[in-house]
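Student: For this one, chain D is given, so just place chain C with the ligand on it according to the hints.
The primary structure of each chain is shown beneath.
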Amino acid sequence: MDVRYTAEQRALCQAARRVIDRLGSRAVADLADERRAAALDEAVESSGWRELRAPDDRGGPIASGVEVAIVAEELGRGLADAPFLGPTLAMELRRLARASQAVDRETVGLRRNLAALASPGEPALAIDARDAGSALLLAADGTLVAAGLHEKAGSIDLTRPMALIPNTEAVTVGSLTEADRQRWTALALTITTADLVGSMRGALDLAVTYAGQRVQYGKQIGSFQAVAHLLADALVQIEGARAALLYAAWGVDSLAPPDAVAAAASAKAYAARGARLVCETCIQVHGGIGNTWECLAHVYLRRTLLATDVLGGVGPNLARVLEHAGLGGHL
Amino acid sequence: MDFADSAEEARFRVRLRAWLGENNPHLPASSTSDEYWEKQPEWHRSLYRAGFFGLSWPVRYGGHDRPTVYDVIVDEELAAAHAPPRPNLGYLVQAICAHANDDVKDRFLPDLISGRARWCQGFSEPDAGSDLASLRTRAVRDSDQFIVTGHKVWTSYSDVADWCLLLARTDPDARGHRGLSAFAIPMNQPGITQRPLKMISGVAREFGEVTFDAAVVPAVNMIGSSGDGWAVAMTVLAHEREPQELGNASRYRKTVKQLQKFLRDDPAGYDAEQFRQLAWAIVESDMLAHLVSRRLSERLDGLDHGVEGSIDKLLMTSVEQTVGHAAVDIAGATHDEVGASMLATYLYSRAQSVMGGTAQIQRNLIAHRVLGMPRS
Ligand SMILES: Cc1cc2nc3c(=O)[nH]c(=O)nc-3n(C[C@H](O)[C@H](O)[C@H](O)COP(=O)(O)OP(=O)(O)OC[C@H]3O[C@@H](n4cnc5c(N)ncnc54)[C@H](O)[C@@H]3O)c2cc1C
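These protein sequence lines map, in sequence, to chains D and C.
Numbering of the first sequence is given in this note's numbering, commencing with residue 3 and proceeding in unit increments.
Numbering of the second sequence is given in this note's numbering, commencing with residue 258 and proceeding in unit increments.
Isolated chain D (complex conformation):
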């Protein structure tokens, strides 16, 4: 056992951090800055991060779940509004189905509650749909289809818009086995967990900075034990979530599919609970300002709400954990 990052993984981590430090959003107004958004999108595109799950010449992914998690975490920390979640999940579906590459930017279509991939014909939403031309859907029999997108839809996440999927002709692109579907689920849970961990880190940084600046009763508020303990608990949640995430990320390609799903579900449940706590702490520590649109705290919270909902938050993932322990159907 040796779970240290390799030299390449450390380099990837630093590269992602640099991009985010330069082009991530540090104020709500940054979200409206189209030039910044375009530059970030360009940086993500040219880095090749959206192709991490493209097939190599033997059909395996170019990079493992660990690399995907590294990038997703940094993008979450910096509130990146360049698509990564959607295109990566679409790329993985095509790889597993041994389908040809999409021509346009592609994402995935989920059921209205975002808890699973949508079947063709059912009401569906394309997530993380900025500049996407199509979304993949999965029929109950494992047939993978691509559908065109048109209308923009509202999103709880200010950094990742959604699009409606019209009920028109869809094109069959391949098919997935049950094991493929599990592998994909493990990746989807892992990438959203990494996104949550990143957002938690960003939200905590924001809160810690504020607690070191804001003065009341003649003291920095971070010196009050009640505030300090909220922040300490937030950090503990993050470290726990990262420990679970690392194993899930390794498991995506190294565990048998049902074990990979269980590891990722476990990490996702842990991180989803923690993300709510950390983001709410961030709002609380900011006081009145934390409840205004202009404070980034709600942007983190909203991003975690979406990441939580994609493939399910606490409840569905505890159910997956129990299922794996031979105790399914009781939640």
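These are calculated hints, taken from the structure and not from any lab test.
Among the clues, some could well be false.
[To be verified] EDC-like cross-link-like pairs, simulated, lysine to aspartate or glutamate; straight-line CA separation at most 16 Å:
| # | chain 1 | residue 1 | chain 2 | residue 2 |
| --- | --- | --- | --- | --- |
| 1 | D | K154 | D | D133 |
| 2 | C | K296 | C | E466 |
| 3 | C | K518 | D | D133 |
| 4 | C | K455 | C | D259 |
| 5 | C | K455 | C | D470 |
| 6 | C | K514 | D | E325 |
Tutor: For chain C with the ligand alone, kept in the frame of chain D given last:
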């Protein structure tokens, strides 16, 4: 990055599993029964003789100089075989290794590691708990020895200990953490009396209180130099906070497995809330096992944890108490032997947020030292 065993680790695991097949004493889980404490020395020596104890400690003192991951493999296999956990001595061994001179190491470590001598840790006092630096037990130099007077409490294993790692004030004029020194003091002498304290679980052999009335300790038994006591204590506490040192992750997983069996045997007998509690116990105990893997790997880079240990301590506490809640809510009300042990597991879990520095003190440390929050 790889969570799986290396070839050598896998071979070690197989050898250990085979040994356990024949040598499992089938004792109750740690700390939840007096029977465990009675038989623990025998179990310690048996593990040691077979070459499965002190794997990461120096060969010179009876260890095996292997990476810490081998200790964790032992923890995992003991838990999987429902064998008792390995005795926790890591914090004592680490502190003596880090601070004592060669003479003290040569005299004390071999017996400590092999289980021939037993130790306790005398830090806390009735008026010095969280505020440990305010301790008042005095050690006064008298030619080649020190005379010790004072009162220690919550001293784990004081009833069976041959030696005590004692923290005492050697400079009466110095205040706070200055002027403290650490000693290896023999427990069997007229100047020392100890009285066991009964825990809320009913266990009477976990800890006690100790009075020192002109007790004697040779000056050559000082650990480190005069005035190094605080540094020694901090090393002890840092290692006491690490789940990988304590083998707790495996202990929690063992309890979780037992709880799973309850629900599997009679799924209709439990409600959704109980299933949910079990699910959290699985999630949390798995998380801790992965955290241990990560920390062990970081050690390969020579990284050791100072203040981050407080984060791990709080994670470990949360896991133990989540598992404790599941234990009492799922099985605590079955009025039989298993139910009693689950109730004891729950009751013991309440101590985890007190011992080794309370949860509030860990949060203070994280806020100030890790997050850089100003002091009040
Ligand atoms: C099972 C067990 C085994 C132990 N084994 C040993 C041992 O072998 N050797 C040894 O020396 N000691 C041992 N201890 C003692 C342990 O280290 C102390 O109990 C602990 O440090 C707390 O001290 P206290 O009990 O005096 O509580 P106090 O310090 O009086 O604390 C009481 C309450 O006040 C809170 N509090 C205190 N100060 C602050 C602060 N600054 N900010 C916020 N909250 C605060 C605490 O968090 C706690 O909730 C053991 C304890 C237990 C439960």
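Student: Compare the structure with each hint and give your call.
Tutor: A quick look at each hint next to the structure:
The hinted pair formed by D/K154 and D/D133 meets the criterion: a straight-line CA distance of about 10 Å does not exceed 16 Å. Using a Cα cut-off of 16 Å, the hinted pair C/K296 and C/E466 is violated, with the two alpha carbons roughly 22 Å apart. The suggested pairing of C/K518 with D/D133 is violated, with an alpha-carbon distance near 50 Å, which exceeds 16 Å. Proposed proximity of C/K455 and C/D259 is contradicted: the alpha carbons are some 45 Å apart, above 16 Å.
For the hint pairing C/K455 with C/D470, the CA-to-CA distance comes to about 23 Å; that exceeds 16 Å, so the pair is violated. Taking the CA atoms of C/K514 and D/E325, the gap is near 14 Å; set against the 16 Å cutoff, the hint holds.
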